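Following the hints, complete the assembly by docking chain V onto the known chain W.
2 protein chains.
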Amino acid sequence: MDKGLLVVISGPSGAGKGTIYQQVIERTGMKRSVSVTTRKPRPGEVEGVSYYFRTEEEYQQMIAAGEFLETAEVYNNYYGTPKAPVFENLERGYDVLFEVDVHGAKSIKKKYVDAITIFVMTPDFEVLEERLKGRGTETESSLKTRLGAAKRELGKYEMFDYIVFNESIDQAVKDVLDIINAEKRKVKNNLSVITALLGNNQQ
Amino acid sequence: MDKGLLVVISGPSGAGKGTIYQQVIERTGMKRSVSVTTRKPRPGEVEGVSYYFRTEEEYQQMIAAGEFLETAEVYNNYYGTPKAPVFENLERGYDVLFEVDVHGAKSIKKKYVDAITIFVMTPDFEVLEERLKGRGTETESSLKTRLGAAKRELGKYEMFDYIVFNESIDQAVKDVLDIINAEKRKVKNNLSVITALLGNNQQ
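As given, the protein sequences belong to chains W and V, one line each in that order. So the first sequence is residues 186 to 388, counted in my numbering. So the second sequence is residues 186 to 388, counted in my numbering.
Bound conformation, chain W alone (with noise of 0.2 angstroms):
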């Protein structure tokens, strides 16, 4: 059996990854990363399904010991991805899929070669100030912040494998089906399957 496939989600915010990564998981029932983190549980959270809950100290650790693909503080607290549960899911042949940020994407591709990174954007910036706009949550300086970072991010394109213009969300959740099934069509991706046609066919 091949390994599966990590596949990496990521863009600036307001181009829609996050709403793509959910349709995509729903639709091919793909394996979601679990998430460490320091923060407190929320009502209704459940350890190992919603976070792995840690305490700052414990996460520390788990730095030093290199346990993590990713890691990021937010407002004071961190998140990361563990490793383990992932490269165990890949072994086992299930494809993992990812939405994180450009910073983790990076982080990621870095630890783990054969990660399949997509960057998600809006048609042009016009788009994705209209949309950062229409969430009403976004002051005029923050704004211009993630405009200037969006920009900053999509310069980083060397980094991604592929890119996806956000038209709208049918036309991109296709897109990234699309970008999937291409790559388990892959011949790499499909050594075991070809070695045992030819091996059985030996005259």
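Derived from the structure by calculation, the hints contain no laboratory data. There could be a bad hint or two in this list.
It does not matter which identical chain is meant; a pair holds if it fits inside one copy or across any two.
[As the list claims (entries may be wrong)] Here are the computed lysine to any residue pairs in the SDA-like style, where the Cα-Cα straight-line distance is at most 25 angstroms:
(1) K373 with A334
(2) K188 with D346
(3) K291 with P308
(4) K225 with G333
Keep in mind that this is a model prediction, so the values were computed, not measured.
Leaving out everything else, chain V in the frame of chain W:
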């Protein structure tokens, strides 16, 4: 504008590459490549549409001038793919689709390294044998020859980017369409769009 894609569908006789090729052409409007041949025109065949008809002397001159992407001799006639019209289409941003045997695929990949090569195979060799028998045109001896050739062709899997197992025509056509769509989403095939986006947003 980015260049078009050159996509090559190949695989053993009986695997279904011709049917898949026709359906992908119909659904995508990709450009066909028109072959050059030394065979005499049949009734209804049109110069420049069915084939470019050339004398053997003219054909040999084209070979000598390096004008072919691939060339083969079949039953004392030559068939070849001329480079110039293919490269013109690619430069204009049109995608071009080929259906060739494994030898031709190898030749094309050698002369155009960005060619995307897809190997079409039946789910196993038993199914291939059934399909060849189903044609009703194979003798016991020619069947054995074709199956031996099919095995040798699959043995060249390393020169192909993708492998599509033709369980049903609909699924195999979808796989090829997904591969083409995924390739169109590759960052390296969107550099002009990406740099235009970045360039238009200098702040």
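Checklist entry - Hint by hint, which ones does the structure fall short of? => result 4
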